[in-house]
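Make a model of the complete structure from these sequences and hints.
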Amino acid sequence: MSGKPKLHYINGRGRMESIRWLLAAAGVEFEECFLETKDDLTKLQKDGSLLFQQVPMVEIDGMKMVQSRAIGNYIAAKYNLYGKDLKERALIDMYVEAIIDLNELLMMYTFQPADKKQQHFANLVDKATNRYFPVFEKVLKDHEQDFLVGNQFSRADVQLLESLLMAEECKPDILAKFPLLQSFKARISNIPTIKKFLQPGSQRKPPLQEKDLPKIMKIFH
Amino acid sequence: MAGKPKLHYSNARGRMESIRWLLAAAGVEFEEQFIEKKEDLEKLRNDGYLLFQQVPMVEIDGMKMVQTRAIASYIAGKYNLYGKDLKERAWIDMYVEGTKDLMDMIMPLPFQPAETKEKNLALIIERATTRYFPVYEKVLKDHGQDYLVGNKLSWADINLLEAILMVEECKPDILSAFPLLQAFKGRTSNIPTIKKFLQPGSQRKPPMDEKTVAIVKKIYGI
Numbered sequence: 001m002s003g004k005p006k007l008h009y010i011n012g013r014g015r016m017e018s019i020r021w022l023l024a025a026a027g028v029e030f031e032e033c034f035l036e037t038k039d040d041l042t043k044l045q046k047d048g049s050l051l052f053q054q055v056p057m058v059e060i061d062g063m064k065m066v067q068s069r070a071i072g073n074y075i076a077a078k079y080n081l082y083g084k085d086l087k088e089r090a091l092i093d094m095y096v097e098a099i100i101d102l103n104e105l106l107m108m109y110t111f112q113p114a115d116k117k118q119q120h121f122a123n124l125v126d127k128a129t130n131r132y133f134p135v136f137e138k139v140l141k142d143h144e145q146d147f148l149v150g151n152q153f154s155r156a157d158v159q160l161l162e163s164l165l166m167a168e169e170c171k172p173d174i175l176a177k178f179p180l181l182q183s184f185k186a187r188i189s190n191i192p193t194i195k196k197f198l199q200p201g202s203q204r205k206p207p208l209q210e211k212d213l214p215k216i217m218k219i220f221h
Numbered sequence: 001m002a003g004k005p006k007l008h009y010s011n012a013r014g015r016m017e018s019i020r021w022l023l024a025a026a027g028v029e030f031e032e033q034f035i036e037k038k039e040d041l042e043k044l045r046n047d048g049y050l051l052f053q054q055v056p057m058v059e060i061d062g063m064k065m066v067q068t069r070a071i072a073s074y075i076a077g078k079y080n081l082y083g084k085d086l087k088e089r090a091w092i093d094m095y096v097e098g099t100k101d102l103m104d105m106i107m108p109l110p111f112q113p114a115e116t117k118e119k120n121l122a123l124i125i126e127r128a129t130t131r132y133f134p135v136y137e138k139v140l141k142d143h144g145q146d147y148l149v150g151n152k153l154s155w156a157d158i159n160l161l162e163a164i165l166m167v168e169e170c171k172p173d174i175l176s177a178f179p180l181l182q183a184f185k186g187r188t189s190n191i192p193t194i195k196k197f198l199q200p201g202s203q204r205k206p207p208m209d210e211k212t213v214a215i216v217k218k219i220y221g222i
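Chains A and B, in that order, are what the protein sequence lines are. Heads up: the first sequence runs through residues 1 to 221, numbered per the UniProt record's numbering. Heads up: the second sequence runs through residues 1 to 222, numbered per the UniProt record's numbering.
Keep in mind the hints are simulated off the structure, nothing from the lab. Cβ atoms here follow ideal geometry from the backbone N, Cα and C, with glycine treated the same way. Check before you lean on any hint, since a few could be wrong.
[To be verified] Now the stretches of chain B that chain A is said to cover, found in silico as 3 or more residues with beta-carbon under 8 angstroms:
{"hint": "1", "segment": "40–54"}
{"hint": "2", "segment": "63–73"}
{"hint": "3", "segment": "78–90"}
{"hint": "4", "segment": "124–136"}
[To be verified] Listed next, the stretches of chain A that the computed footprint assigns to chain B, with coverage defined by at least 3 CB atoms under 8 angstroms from CB atoms of chain B:
{"hint": "5", "segment": "49–60"}
{"hint": "6", "segment": "127–136"}
{"hint": "7", "segment": "153–166"}
See the structure below:
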């Protein structure tokens, strides 16, 4: 039995990508077991490996953890990416929850039917540039520190970088009005563990393509 | 400045109810400021009170906290309802996310047209009885203890009780195949702080009625 965490999910970003980011940022090597067919999912369900019959599932420290937030919380705390006290944790949680909301919008874009795509895109850009990015730009401006919370690298920084990059995939100049987010992006991308994760050949997954959709639908429906 | 937490939300369950449950279970008195019309929400936004322009927002310990899970985690952590170590916390998180998924299916029901509502109600009942409740029944069976995690009251127990009562409002006999959950419900409901919260006149909110649905629709423009 290897000591490494083992991730069970499809070979795609989805709800597992933030967990891959966190593990990578923490410098933790992990293995992946990809669901390719519905049978793969059914097998896991029948095995009793999935507490609520769903993936993501991560085998870690003797547990079969499910629920992406629970998994993210555990990894962040274990690898000291969760602030030094309750209040820092509260800030990190607030930021991370908002980023998750934004990531949902970003991720759902590929799944939109053709007639809804444009509206979704407009909403996505509006929320990113008017609701979410201004908050993080201001946080960085107000304290002038390198990291979002407590002058220390945390989960919030990892998740924000992930989100910024995904947003740029949707609209390459989306950070035009956010100079501090641009330098944040460069700075965090240069952290050795993250730099490694951003290189080709890492376990980071590419964006979902429309051609991948039928296969995914088959597994989950 | 009052020391009590102050909750900003509509006068309804919605995303704030789980926070009310937690505070009540912890024996923490709290105040509420209800959003009754669109202007109330706009004022909060214009005052810069809402970090991401959204409620729930809870003023607590000098912070204006937003994001339901962030708020609940803080309260659970502060009032020792989050287990004694990382692993207990992990189980509590998993259990809470499960009951939250179930309750999230129920929340939109009042806003749905009759046909969709009926279909979703059937799905809720199926999920409750085949996906969620069996898990908690088994947890209680396997360790034989009164509480879900670590032999101590935690956020997971409070959230499960909230979910059970909510599903029972959909189908009163939903626990018929789950004897341990029935006992859990009886036991947890009798914890003094929770018993108090379950009595009429508490800050617990009733299920949505048509009047409240209309108010909420107007505030959020849906």
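Structure-inconsistent hints, enumerated in ascending order
Violated hint (a single one): 7; every other hint is consistent with the structure.
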